[in-house]
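Trainee: Sequences and hints are given; from them, build the entire structure.
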Amino acid sequence: MFEVRAGDREALARLFERNHGRVHALCARLTSWADAEDLVQETFLRVQRHAGTFHGKAGFTPWLFRIARNVCNDRGRRIRQTSALEAQWARDQATMRAAGDPESRIDRRSLIEDALAALSPEDREVVVLSRMHDLRYADIAAVLGCSVGAARVRLHRAIGRLREICSDLEGSPDELRNRTRNNR
Amino acid sequence: MNCETARATIVDDLADTIDGDTRAALDRHLTECATCRVEAAQLRSLWNELGDLEVPSPAAPLVNGATFMPDRGTARPRFTMVAASIALLVGIGSGWFARGAVGMPGDTVVPPLASESQDGRVPYLLLLHGPPSPPAGTPPPAESAVAAAVARYTAWADTLRMRGQLVVAEKLETEGGRLLGNLPAAGPIESDIGGFFVIRARSYDEAESIASGSPHIGYGGTIELRAIENTGGI
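Top to bottom, those sequences are chains A and B. Just so you know, the first sequence maps onto residues 1 to 184 in my numbering. Just so you know, the second sequence maps onto residues 1 to 234 in my numbering.
Don't read these hints as lab results, they were simulated from the structure. Ideal Cβ placement from N, Cα and C applies to all residues, glycine included. Any given hint could turn out to be false.
[Claimed, not checked] Computed Cβ-Cβ distance ranges for the label pairs, DEER-style: (1) B/I193 with A/A6: 31 to 37 angstroms; (2) A/R66 with B/E173: 46 to 52 angstroms; (3) A/R66 with B/N2: 32 to 38 angstroms; (4) B/G164 with A/R66: 37 to 43 angstroms; (5) B/V55 with A/F2: 24 to 30 angstroms; (6) A/R75 with B/T17: 19 to 25 angstroms; (7) A/S120 with B/E175: 57 to 63 angstroms; (8) A/G160 with B/S212: 30 to 36 angstroms; (9) B/D27 with A/V148: 21 to 27 angstroms; (10) A/E3 with B/E229: 53 to 59 angstroms; (11) A/V148 with B/P132: 48 to 54 angstroms.
Mentor: The structure is reproduced here in structure tokens:
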């Protein structure tokens, strides 16, 4: 990263190659899979432009993810919930991947996917950062720009809401569509 | 520890770390409280299920062709499928390889090609195959995409040169190649070799490590790595 700060283009290319996958994963969960590729590109443009602001204090990953999160926010796409079509697509993907699995397992994975998509953006991002990117509270706080205690509270609250949604979906297969529609 | 604290601690245990005393207190509570044991099992199950979800990743063609185009103050760069169009670099000149060629002013004088250098490094040939030509009808890549690709090859060649690892690098003409000699059918060459590098390394492993840093792989190409045998002169 310090080579990038010094203007080393090759170092920037290496940084991109090593990290674009996880930035893509984050952007896809915070916005949509269709938007993620553009957002990854924008994120690394900002990395290049603002490399001088990296001092290593909070670690590289929180710094990078904070930029990616800001990019997602600035694009104004973060407020959008996963559409019914994307949810269906995700379900289809899960079904194909799980070919041969017991049907109940496929359904369960789809349900978790749908529940995650139905969370509010604020709740979803903290779950994604914690569970899917293995960030600890301190790192989540650095990404979100809040205190460690606030990050912890947000995750607890988000997990609670995720459980509620899972419970709803288990009781009503149409709940997601209704919930998504109501959140738009 | 009461039930409310226990439930919060279960999440902390999943998402972060808890100290030994807190864990012991949680374990004691779970031993005594059946309701919280169920709660803990459900939370752990949900946590595991979240971990089993697919990690969104770029589509396969984009993984192979993924490139980042640094901002040069021109048009906004894009995450582009350069892999399918890198073949169209043909005709834009030989700048990206020629800069790495032997004999450029300021270059280090390199030893004879097949001999071992004083530091024990021997030459390896990197043949750059592909990437496959884009399907007919594929629109040509944007100029900015081509320029970015050229810049990446150039930067890589420059890096090798600065490290003293580069002997020579050239791009081959794509038209006009000929087969000579005792061949089943002489005629236009059907070859996907677009260029070559000769580098110096201490072993195949080191050569492979160097070659792996080439942008060519990222653009969907293949690199054939061969040691150049020291025959003592043919």
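Trainee: Is 37 to 43 angstroms a correct range for the gap between the Cβ atoms of B/G164 and A/R66?
Mentor: 39 angstroms, holds
Trainee: Has the hinted range 48 to 54 angstroms been met by the Cβ atoms of A/V148 and B/P132?
Mentor: Cβ of A/V148 to Cβ of B/P132: about 50 angstroms, so the range 48 to 54 angstroms holds.
Trainee: Lying within 57 to 63 angstroms: is that true of the beta-carbon distance A/S120 to B/E175?
Mentor: 59 angstroms, holds
Trainee: Confirm or reject the claim that A/G160 and B/S212 have a C-beta distance inside 30 to 36 angstroms.
Mentor: 46 angstroms, violated
Trainee: Could you check the hint for me, namely that A/R66 and B/N2 are 32 to 38 angstroms apart, CB to CB?
Mentor: Distance hint for A/R66, B/N2 holds at roughly 36 angstroms.
Trainee: Does the Cβ pair B/I193, A/A6 satisfy 31 to 37 angstroms?
Mentor: 35 angstroms, holds
Trainee: Range hint 24 to 30 angstroms: satisfied by the CB atoms of B/V55 and A/F2?
Mentor: For A/F2 against B/V55, whose Cβ atoms are near 28 angstroms apart, the range 24 to 30 angstroms holds.
Trainee: Would you say the C-beta atoms of A/R66 and B/E173 sit inside 46 to 52 angstroms of each other?
Mentor: 48 angstroms, holds
Trainee: Is the hinted range of 53 to 59 angstroms satisfied by the C-beta distance from A/E3 to B/E229?
Mentor: 36 angstroms, violated
Trainee: State, for the Cβ atoms of A/R75 and B/T17, whether the hinted interval 19 to 25 angstroms holds or is violated.
Mentor: Distance hint for A/R75, B/T17 is violated at roughly 34 angstroms.
Trainee: Can the suggested window of 21 to 27 angstroms be confirmed for the beta-carbon pair B/D27 and A/V148?
Mentor: Since B/D27 and A/V148 have Cβ atoms about 25 angstroms apart, the given range 21 to 27 angstroms holds.
Checked against the numbered hints above, the structure breaks hints 6, 8 and 10 and satisfies the rest.
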